[in-house]
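Since the structure of chain A is provided, determine the placement of chains B, C and D on it from the hints.
Residue numbers (our numbering), protein chains in the order written: chain A, 78 to 271; chain B, 78 to 271; chain C, 78 to 271; chain D, 78 to 271.
Accuracy of the hints is not assured; some may be wrong.
Restraint-style ranges between C-beta atoms, simulated for each label pair [unchecked claim]:
1. C:R255 - A:R255: 37 to 45 Å
2. D:K165 - B:K216: 33 to 41 Å
3. D:E258 - B:K216: 52 to 60 Å
List of simulated lysine-lysine pairs, BS3-like, C-alpha gap at most 30 Å [said to hold, decoys possible]:
4. C:K164 - B:K141
5. B:K252 - C:K131
6. A:K128 - A:K160
7. A:K209 - B:K165
8. C:K128 - D:K252
9. C:K164 - A:K99
10. B:K145 - C:K145
11. C:K99 - C:K131
12. A:K131 - B:K211
13. B:K128 - C:K145
14. B:K165 - D:K164
15. A:K131 - B:K209
16. A:K160 - C:K145
17. A:K209 - B:K99
18. D:K209 - C:K128
19. C:K141 - B:K99
No lab work stands behind these hints, which were simulated from the structure alone. Heads up, the beta-carbon is just placed ideally off N, CA and C, and yes, glycines get one too.
Protein chains: 4
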Amino acid sequence: MLLGGVETMSKREPVHCHVVEKAARDLLKERGVTLNAVAQIVFDMQLPYNKDLKMEECIDSVDKVLEKREIQHAILVGIELDKLAEKKQLSEPLQSIVEMDEGLFGVDETIALGSVFGYGSIAVTTFGYLDKQKIGIIKDLDTKQEGSINTFLDDLVCSIAANAASRLAHRLRDKQERLREEEIQRRDHEERIG
Amino acid sequence: MLLGGVETMSKREPVHCHVVEKAARDLLKERGVTLNAVAQIVFDMQLPYNKDLKMEECIDSVDKVLEKREIQHAILVGIELDKLAEKKQLSEPLQSIVEMDEGLFGVDETIALGSVFGYGSIAVTTFGYLDKQKIGIIKDLDTKQEGSINTFLDDLVCSIAANAASRLAHRLRDKQERLREEEIQRRDHEERIG
Amino acid sequence: MLLGGVETMSKREPVHCHVVEKAARDLLKERGVTLNAVAQIVFDMQLPYNKDLKMEECIDSVDKVLEKREIQHAILVGIELDKLAEKKQLSEPLQSIVEMDEGLFGVDETIALGSVFGYGSIAVTTFGYLDKQKIGIIKDLDTKQEGSINTFLDDLVCSIAANAASRLAHRLRDKQERLREEEIQRRDHEERIG
Amino acid sequence: MLLGGVETMSKREPVHCHVVEKAARDLLKERGVTLNAVAQIVFDMQLPYNKDLKMEECIDSVDKVLEKREIQHAILVGIELDKLAEKKQLSEPLQSIVEMDEGLFGVDETIALGSVFGYGSIAVTTFGYLDKQKIGIIKDLDTKQEGSINTFLDDLVCSIAANAASRLAHRLRDKQERLREEEIQRRDHEERIG
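Next up, chain A with everything else stripped away, as it sits in the complex (with noise of 0.2 Å):
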């Protein structure tokens, strides 16, 4: 399987995991969308639940995030549809659709939902939350300037921010419950040794 050439291998193997996460990262950063962004959203979300958040956190949740083949993925084909669509060449009726960004095409969402469902229940109604509110970032690519599209973009950070949100919210619990082990054990030994 390991024999052939750069070339050969380039045709029969599936494209390495590391190039599809930098084309990921790269488009992001080539649309305008930084990791501090996103996770500025993560943190003004999750900061009523947990008073000691870091933005450090959040930025490392977004980031962890992004290993993830299925955002990778979802990123890889709805930045391609929007550059598409500001290019002009995707076919009609696909191509007045996607830059109108009309309201009852839903194929965007979709798509970005599909890499939510992975973060649990959390993560989806985060989505339709930041979906509606469009909260900083989202809210930039969602106005529109002149020229450019963001019909897919928008959803796929608001996925994105879903996820890492979702993400901490499950740690904070792991972090919670161990302390409570801690405390219990803590106390099962001063009871004993009391």
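Below, chains B, C and D alone, put in the same frame as chain A:
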């Protein structure tokens, strides 16, 4: 197949849809959820998109959503679990989890989401928004009174309202397109006779 | 709102549903997917549950599924991506991923699933079954001929067939329940006059 | 937060994850579902894609899936409903619907699907396939013995098996990519020293 008496029939035939529908509607009423209260949420959600929206259309839309098998089944299961939890008849640890309506328990949202998908991506995002914002009767249900448990019901109401809102959005578009068609035909007609 | 000429209109008004529907149906035809071929899958899937099933009912059910906005939009996006990949017009690494239809790429299934949820859980399980078993035209599409790419189309056909099958299952039940009701009324009537 | 005695704690603190996990695993055992029986399904599903697959890897994958909160919660709810139905403790018409496991009742699939989405689109299609084909222990559960009800459990087992299979598929790819990388590095190294 239809030869037996009532008792034999009840063993062989699936429960008739009228029985299921009546049971689901009765349960909502029993738990204090009126069509009007749900329709009010739908009205508040859709008014920004349709200035001419009338409360009667929202009531009618909620009513139509309740005709669907999927939502009826979800109501039967969800309210059953709420009522069993109120009577402390669930096994532990499920009893405690449902009683507390804890944040990482997602089966309530999952059951409600199951019937949301049927109304397209607008319904999914509206569901997520309502589940976070808890408007109107959803807030009342969530603010638990002593002894009452609505862990599943509040998500079901989000689902019914989201479905009814999405249904109205799709029908508004259908109506606008019919109007546009008539306008085009009128102009074509005027041109021809002009 | 309806004052402008055709060009102004095309900028402001959403694309008319008739245009979208015609485009979706034309694309299926262009890619070699006939209503009959899809209906044959539906027939084979549903015959075990309904001995009286007729091919015409299956064709009609497929036709009704194609009237839905969600499936039309999914068809427009999916076939566009297949055609762009055939013309080598997608960016790398997306071009390679779509060309190879690689196993862990799931955006094709995600887009197709988006319109499956609308037909309930039977549609979801039927979709999963068809996607694994690749019956009839789905197999033909999956067995790639030199140069042709159907990465998205084969999942779309699974989705259309699954939806049409689920639709028939629900309607069969409705029919049985009406028959049962008539039977009950007939017997009630006989008892009264008996 | 951790000051109270056991009783106070149980009122305030969410149920500890270890308690939930143990309860879910105990319930599966109680209902006759062993890790081995589920792993056998996973093995049969994945062998065609991986000739070197070992039964131990499948058992381990099932075990890892059971560590997830979403699946544990689904198991608690689903088996509770099956057991209540066996004891005739559900209200009508839900009691009859669950007893008969009727074809158009989809809440069982919905609850199971909720935890399938977390493992990507392969998991969804595998779930659909298993739900139709009913292999191994799924068949045993579906073939009801007098008095026993597994309406929810058979879908839960499909979900666990589908998740474990999808997990293995993703890990197989990761492994192949690591091998490929090592191979590339080895050749690079040979070239340099060659």
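Against the structure, the hints come out as follows:
| no. | hint | verdict |
| --- | --- | --- |
| 1 | C:R255 - A:R255: 37 to 45 Å | violated, 59 Å |
| 2 | D:K165 - B:K216: 33 to 41 Å | holds, 36 Å |
| 3 | D:E258 - B:K216: 52 to 60 Å | holds, 53 Å |
| 4 | C:K164 - B:K141 | violated, 46 Å |
| 5 | B:K252 - C:K131 | violated, 34 Å |
| 6 | A:K128 - A:K160 | violated, 39 Å |
| 7 | A:K209 - B:K165 | violated, 38 Å |
| 8 | C:K128 - D:K252 | violated, 48 Å |
| 9 | C:K164 - A:K99 | holds, 24 Å |
| 10 | B:K145 - C:K145 | holds, 17 Å |
| 11 | C:K99 - C:K131 | holds, 26 Å |
| 12 | A:K131 - B:K211 | holds, 27 Å |
| 13 | B:K128 - C:K145 | holds, 26 Å |
| 14 | B:K165 - D:K164 | holds, 16 Å |
| 15 | A:K131 - B:K209 | holds, 22 Å |
| 16 | A:K160 - C:K145 | holds, 27 Å |
| 17 | A:K209 - B:K99 | violated, 34 Å |
| 18 | D:K209 - C:K128 | holds, 19 Å |
| 19 | C:K141 - B:K99 | holds, 29 Å |
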